[in-house]
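Based on the provided sequences and hints, a complete structural model is requested.
One line per chain: the protein sequences are A and B, in this order.
Letter by letter, the first sequence follows residues 20 to 406 of our numbering.
Letter by letter, the second sequence follows residues 20 to 406 of our numbering.
Since the hints were derived computationally from the structure, they do not count as laboratory data.
Some hints here could point you the wrong way.
In this list, chains with the same sequence are indistinguishable; a pair is considered to hold if it fits within one copy or across any two.
Each computed DSS-like pair below joins lysine-lysine, with the alpha-carbon atoms no more than 30 Å apart [to be verified]:
| id | residue 1 | residue 2 |
| --- | --- | --- |
| 1 | K392 | K118 |
| 2 | K364 | K145 |
| 3 | K364 | K118 |
| 4 | K150 | K364 |
| 5 | K31 | K387 |
| 6 | K364 | K181 |
| 7 | K125 | K181 |
| 8 | K212 | K34 |
| 9 | K125 | K206 |
| 10 | K401 | K118 |
Residues per chain are reported as follows:
2 protein chains.
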Amino acid sequence: MPTPACLIDWVKYQKNCDSLLTRIKKNGICLRAMTKTHKTIEGTLYQLYGSQGIQNLDLKQLQDTNKIVISTMTEAEFFASHGFTDILYPYPPSVDKLKRAYELTKAGKRMSFSVDNLDVLENLEKFAAEKDVQFRVYIDMDPCEHRTGIEPNNPLGLELAKRISQSKHLILHGIYVHAGNSYHSTKSEEIKKVAQLERDLVVGFKEKLKEHGYDVPVVAVGSTPTATQMADNMQGVNEFHPGNYTCFDAHQAAIGTCSLDDCAATVLTRVVSTHQVPYPRMVIDAGGFALSKDLGPTHIVNQEHPYDKRQFGVVVGHPELWITSVSQEVGIIVASPNHQLDVTKFPVGTLLRIIPNHSCYSSYCYEKLYIVKDDTVIDQWKTCPRH
Amino acid sequence: MPTPACLIDWVKYQKNCDSLLTRIKKNGICLRAMTKTHKTIEGTLYQLYGSQGIQNLDLKQLQDTNKIVISTMTEAEFFASHGFTDILYPYPPSVDKLKRAYELTKAGKRMSFSVDNLDVLENLEKFAAEKDVQFRVYIDMDPCEHRTGIEPNNPLGLELAKRISQSKHLILHGIYVHAGNSYHSTKSEEIKKVAQLERDLVVGFKEKLKEHGYDVPVVAVGSTPTATQMADNMQGVNEFHPGNYTCFDAHQAAIGTCSLDDCAATVLTRVVSTHQVPYPRMVIDAGGFALSKDLGPTHIVNQEHPYDKRQFGVVVGHPELWITSVSQEVGIIVASPNHQLDVTKFPVGTLLRIIPNHSCYSSYCYEKLYIVKDDTVIDQWKTCPRH
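As structure tokens, then:
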């Protein structure tokens with residue numbers, strides 16, 4: 020087995036997928052699978068249809084349920100070439116994205132976009148008119164993260180709805196919010212509050228649009244923390260689009276979304292050298308291109324958990340070990356405070372598994388993911404190409 | 020042109036390659052090109068042979084000069100499949116790496132490894148004996164970075180030399196050091212000191228080995244800062260292995276290795292949306308998968324340069340703009356302190372170029388690099404696959 024490698028624990032992955040599906044179905048909510056955490060066809064099918072539901076699947080027969088949200092147009096093309104037909108690009112679409120989306124519509128795919136700005140909308144309308152195609156549009160709301168999206172009281176929201184409704188090339192399809200700010204929580208109670216605000220934001224905006232005569236069939240929320248620590252009142256939401264919950268990671272465990280044991284993605288690495296001078300340390304073959312340079316939940320400090328110390332991941336089964344630095348291809352492990360590292364216990368060649376800080380970033384370092392069950396590789400999933 | 024894209028300014032790239040070649044040749048030093056910054060065949064040929072020297076190249080006829088140092092075995096295989104024959108893997112080789120290296124030796128490639136530990140050496144010797152092959156070995160020295168390598172006064176150094184010399188499957192080929200600690204400098208004078216220490220370390224160790232009867236033909240140093248701000252006395256060094264100097268980046272500019280204008284690699288991005296509420300900001304389609312999450316020279320503070328503010332890159336021509344946050348696929352640009360951002364000056368669709376903090380990390384986000392001259396794309400270079 021080559022190292023570093025990204026392993027997906029099959030039992031945990033299935034459990035994470037099934038668990039979310041059960042919870043949202045109970046609330047009458049449909050899943051639009053966010054694919055960016057693993058970027059694999061197989062992983063997405065299990066997200067959408069659960070561990071029991073992907074036998075003899077014909078995606079073309081499932082156009083109403085194969086809803087995905089991708090993060091790059093390369094990802095859109097990758098999934099489209101494997102039969103997916105209902106694709107949302109969740110950022111404001113620039114003209115280069117639209118050209119690629121147009122090629123997909125010509126191949127029979129249904130493309131949706133989110134808009135948060137009049138200029139963006141005008142460009143989209145102009146493009147759609149020139150090509151004489153129709154695109155579905157979500158109005159993107161700002162969950163107080165101040166990344167993309169509009170604030171609910173901004174009159175721009177109504178103006179966008181009006182312009183979309185007036186266009187024969189655009190369909191006012193939904194309201195979209197992704198509460199990325201939930202990642203800044205420190206515990207599950209805080210996440211629940213963000214989840215309630217997220218729901219109230221989009222449902223409130225739907226009602227406002229309704230008062231002005233605009234009908235919006237889809238009300239979509241997202242983010243793994245708010246999908247996992249769901250708000251008590253989810254009434255009015257009918258689409259969910261989280262992605263990280265499939266694998267989870269050390270960040271999610273730190274903020275209370277899951278336990279470390281729920282994390283399905285780990286990076287397999289070998290101890291490639293050990294040293295005693297000037298202090299005991301181990302060199303592993305997992306660096307910034309295996310774990311990513313994401314520092315994880317740096318907003319959480321002064322706790323005694325292994326995942327809150329600004330390290331580059333959590334060594335499974337060894338809270339006494341800290342990955343204190345990574346260069347491109349190697350990492351350095353030392354003892355955590357109040358511990359001694361006895362390197363003779365980790366001879367050269369020792370295999371270790373590391374829960375990455377952010378699985379969306381770490382899995383992107385690999386051409387394929389190894390699916391493991393009881394320490395046996397049972398499958399390999401090819402990941403989407405880079406930009 | 021799709022965005023984000025990684026552009027290589029052809030004039031700057033050539034100048035950086037030629038400049039280093041001229042400087043080391045003047046000192047009688049041979050280049051072993053570190054390929055990990057761009058991971059392309061074309062970029063490596065220009066590193067090795069300069070802008071004037073790659074016409075009608077037949078790599079197989081150039082076995083003595085096509086020396087490269089790679090960072091992953093996938094990279095070794097990628098370069099080997101394109102004719103490169105003299106390949107150094109610069110980390111302690113674990114058994115999975117050796118198996119892949121063995122396949123390359125069967126295909127006629129010359130593989131070298133670095134060792135810094137008796138266990139690593141024993142594993143290497145055992146493997147080479149079992150397969151009845153010969154590998155070249157470098158002894159890896161610690162430049163006070165405490166990553167890989169041994170300290171010069173550690174008796175382990177002599178023991179490694181002895182064991183290597185006794186093995187009929189290993190050839191004591193060189194002493195190796197990569198002063199990664201030079202990245203922690205704050206100005207060129209500091210780098211020069213590190214460069215002198217780096218040279219003195221390996222030359223001193225060569226003399227020590229000589230006193231004990233061991234001949235080491237190659238004395239190799241590296242790191243872009245120490246190759247660029249070279250020590251006054253380089254006597255005794257005959258191999259250099261930097262890589263980042265080909266593209267440079269905001270980190271190198273911050274520590275005094277180059278100017279921002281020398282940086283050959285930039286990330287092309289579009290303004291995809293703008294907002295006024297709650298403060299003026301622009302959304303760009305370059306996030307952590309386009310720029311990387313490398314924070315750059317965070318050890319440099321309290322300066323008034325645009326590259327020392329812990330941002331995710333430097334916007335070319337706009338020191339008044341700061342990239343303050345990146346999520347997976349988008350970044351946020353706001354005004355730097357004491358400036359106002361007038362978003363009407365950057366309408367949706369505006370193209371911007373960003374000098375990344377660390378070009379080794381950012382270029383790895385792309386399947387190909389676009390080579391540009393006078394704002395025209397003149398070539399595309401395919402990058403090596405991921406792990």
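How the hints compare with the structure:
no.	hint	result
1	K392 <-> K118	between (42 Å within a copy, 25 Å between copies)
2	K364 <-> K145	between (65 Å within a copy, 22 Å between copies)
3	K364 <-> K118	between (56 Å within a copy, 25 Å between copies)
4	K150 <-> K364	between (65 Å within a copy, 29 Å between copies)
5	K31 <-> K387	within (18 Å within a copy, 35 Å between copies)
6	K364 <-> K181	between (67 Å within a copy, 26 Å between copies)
7	K125 <-> K181	within (27 Å within a copy, 68 Å between copies)
8	K212 <-> K34	within (25 Å within a copy, 56 Å between copies)
9	K125 <-> K206	neither (46 Å within a copy, 55 Å between copies)
10	K401 <-> K118	both (26 Å within a copy, 23 Å between copies)
This entry does not satisfy hint 9, going by the numbered hints stated previously; all others are met.
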